[in-house]
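Use the sequences and the hints to build the structure in full.
Quick mapping for you: the protein sequence lines, in order, are chains A and B. Take this note's numbering: the last position of the first sequence gets the number 116, and nothing is skipped along the way. Take this note's numbering: the last position of the second sequence gets the number 230, and nothing is skipped along the way.
No false leads were mixed into what you were given.
Here are the simulated distance ranges between beta carbons:
| id | chain 1 | residue 1 | chain 2 | residue 2 | range |
| --- | --- | --- | --- | --- | --- |
| 1 | B | E180 | A | M95 | 20 to 26 Å |
| 2 | B | Q187 | A | D59 | 25 to 31 Å |
| 3 | A | Q50 | B | T188 | 27 to 33 Å |
Keep in mind the hints are simulated off the structure, nothing from the lab. The beta carbon of each residue, even a glycine, is placed where N, CA and C say it ideally should be.
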Amino acid sequence: DGGITQSPKYLFRKEGQNVTLSCEQNLNHDAMYWYRQDPGQGLRLIYYSQIVNDFQKGDIAEGYSVSREKKESFPLTVTSAQKNPTAFYLCASSMVISSGRGNEQYFGPGTRLTVT
Amino acid sequence: AQSVAQPEDQVNVAEGNPLTVKCTYSVSGNPYLFWYVQYPNRGLQFLLKYITGDNLVKGSYGFEAEFNKSQTSFHLKKPSALVSDSALYFCAVTPAGNNRKLIWGLGTSLAVNP
Numbered sequence: 001d002g003g004i005t006q007s008p009k010y011l012f013r014k015e016g017q018n019v020t021l022s023c024e025q026n027l028n029h030d031a032m033y034w035y036r037q038d039p040g041q042g043l044r045l046i047y048y049s050q051i052v053n054d055f056q057k058g059d060i061a062e063g064y065s066v067s068r069e070k071k072e073s074f075p076l077t078v079t080s081a082q083k084n085p086t087a088f089y090l091c092a093s094s095m096v097i098s099s100g101r102g103n104e105q106y107f108g109p110g111t112r113l114t115v116t
Numbered sequence: 117a118q119s120v121a122q123p124e125d126q127v128n129v130a131e132g133n134p135l136t137v138k139c140t141y142s143v144s145g146n147p148y149l150f151w152y153v154q155y156p157n158r159g160l161q162f163l164l165k166y167i168t169g170d171n172l173v174k175g176s177y178g179f180e181a182e183f184n185k186s187q188t189s190f191h192l193k194k195p196s197a198l199v200s201d202s203a204l205y206f207c208a209v210t211p212a213g214n215n216r217k218l219i220w221g222l223g224t225s226l227a228v229n230p
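Below is the structure:
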């Protein structure tokens, strides 16, 4: 899991509540990412950030929000607007944003969110 | 449309036998290709990548992969499987250049039987 930490490992919330997932990295990476993983659907990109104070929507950003106030930190908030929030959430980082330059991503251990 | 296919949802192999996990892709231009492994309830771990050069790429834990441009494939291989190799394997691809996103396969579950 490299130098990326996610907390907590398991999170339970009631429907209608916002919840924030933590992601911290000590790899000095510029780029950070949030993915959602559901059984049989692979990884889907929620948000990514190239640099502090900048972030971009991924493929499934609706119902989520992020911030990037520090290089090391990229928290994800799952809002009450997200219709199916129960999932496994993975944070990743890479040296620079461009996967097209061959930079692999390093992943945290994940947070399993259950909303009832 | 750019895509990655992992045609087998599950692969079963006996311990000590060679294993292959298949990946084919469709991207414009030259591809950069990656393999990751995920153990249960864990994050993904990077195994290996192809950027350029030798078509046979060696990675972590004795895994290797062969880039075949004519068949647009990047199959993951290991000469002798271990029970501890049992996990979920993901192939990912991106066109070379200033692309910001990886395109992920849906994953292949590998079961190595003792």
